[in-house]
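Using the sequences and the hints given, assemble the complete structure.
There are 2 protein chains.
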Amino acid sequence: MRNLKLTLAYDGSDFAGWQVQPDAATIQGTIASAIAQITGETVLPQGSGRTDAGVHALAQVATFATESSVPTANFVKALNDILPSSVRVLKVEEAASDFHARKSARNKTYRYRIFRAAICPPFLARYVWHYPYPLDEPAIIQAAPFLEGEHDFTSFAAVDPERGRDLPVSNVRQIFSSHWERQQDELVYTVSGSGFLHHMVRNLVGTFILVGKGTLQPEDIPRILQARNRSAAGATAPANGLYLVNVDY
Amino acid sequence: MRNLKLTLAYDGSDFAGWQVQPDAATIQGTIASAIAQITGETVLPQGSGRTDAGVHALAQVATFATESSVPTANFVKALNDILPSSVRVLKVEEAASDFHARKSARNKTYRYRIFRAAICPPFLARYVWHYPYPLDEPAIIQAAPFLEGEHDFTSFAAVDPERGRDLPVSNVRQIFSSHWERQQDELVYTVSGSGFLHHMVRNLVGTFILVGKGTLQPEDIPRILQARNRSAAGATAPANGLYLVNVDY
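Chains as they are written, first to last, in the working numbering: chain A, 42 to 290; chain B, 42 to 290.
Bear in mind the hints are in silico, worked out from the structure with no lab data behind them.
Backbone N, C-alpha and C fix where the C-beta goes; we use that ideal spot for every residue, glycine too.
It cannot be assumed that every hint is accurate.
Sample of chain A residues facing chain B (criterion: CB under 10 Å; computed from the structure) [said to hold, decoys possible]:
#1 Ala-50
#2 Asp-52
#3 Pro-125
This is how it looks when you write it as structure tokens:
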């Protein structure tokens with residue numbers, strides 16, 4: 042029995058998110074079905090975390106166990122030949138039997154792209170949040186590091202149906218780095234941490250927008266964290282600007 | 042009555058091409074319906090040329106006549122507020138009454154993108170032809186200029202249902218420049234000319250592929266032109282790598 046570790050990129054636009062669902066196309070379900078075609082085995086690959094409908098990944102990590110005789114090196118091409126072009130397997134490696142894509146993760150990095158110019162090129166529409174309205178960008182940039190450190194992120198967490206079942210009950214997470222920067226027409230947020238709660242990055246972005254509009258000041262972030270109340274923070278930003286960039290083990 | 046000139050960008054992936062059709066989403070039909078919502082007038086914008094299903098545009102040009110009192114400057118935002126994010130109006134200008142998007146065009150430029158690396162990022166899949174197989178790229182680059190000049194392009198033309206009705210009967214066109222270049226993982230073709238026949242750029246690309254595979258030599262291009270026979274040239278390359286880049290008047 043091998044424990045295979047997949048590194049995956051996907052365009053989440055046409056999927057109902059990572060997690061398998063009975064009547065919707067999901068990344069997990071699509072990969073499971075491609076694995077079944079190759080190995081004849083019914084497995085559900087376990088991801089480093091779920092991504093929501095419309096969220097993209099540059100390097101999601103997932104594992105599955107197989108007794109198939111297919112050499113590890115052949116899985117990349119075999120899977121990519123079956124998968125839709127919106128999902129690509131970048132790498133397949135043999136992992137230790139106790140390696141777990143979510144529990145073994147030490148650091149996850151997400152990115153959020155906001156397109157700031159008046160007209161968003163049609164080729165970017167699926168991949169950025171188009172927000173052409175006035176924003177105090179220096180205030181947003183200044184607010185970002187207030188998230189760094191160990192905090193209870195309840196104010197930024199959506200109610201999670203999985204919580205307590207398989208996922209940790211605590212809403213305390215550690216953020217290693219949190220920063221915004223201007224890249225040509227885009228305002229880009231990059232955040233790394235030990236783990237992220239349901240909708241957390243999108244809720245952070247929605248809160249940064251309130252800072253950009255002047256509704257909040259950068260110094261309000263610690264108060265919002267302390268409130269441990271979802272209504273203290275901003276709205277959930279759209280899914281299509283969000284990328285799971287990578288997972289470190 | 043104003044003659045308004047639109048400059049448009051679109052992601053052709055989800056459209057059945059430029060030209061209006063009864064039961065399919067087309068660019069022309071989508072724009073006509075947005076104009077109708079603004080002006081209350083039923084008009085069919087006339088493009089510089091039709092693009093096929095899946096073909097993209099960076100700056101297509103189209104005109105429509107209007108008696109509406111909406112100021113020209115307001116059309117960009119008004120149209121973009123209605124249109125899907127896959128179609129963007131970049132510019133709206135008042136043109137002379139005798140300006141015709143197709144007949145007044147002096148030069149059109151198309152680009153074709155071939156992605157050469159083994160794994161095509163999911164974010165590019167709609168926007169390039171993924172061709173990871175071996176190609177003699179220097180031979181392709183060498184073949185390109187053989188198309189320049191005035192030629193009968195019958196060998197590269199699909200049978201066109203519109204031909205002779207509204208379009209010119211002759212298959213003679215002038216190509217001002219034709220060249221391939223490597224841009225990181227992409228092999229990119231840029232071609233400018235007085236006009237292009239149905240499927241012409243895609244048929245040229247399919248023929249360049251035969252040169253890259255060694256089936257044809259660069260010096261075979263003049264012979265293929267002289268044959269004036271579609272079967273002398275290569276297959277039609279996929280639509281999704283093709284872009285109408287701009288139209289000069």
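Could you tell me which of the numbered hints above are not met by this structure, giving the numbers in increasing order?
none
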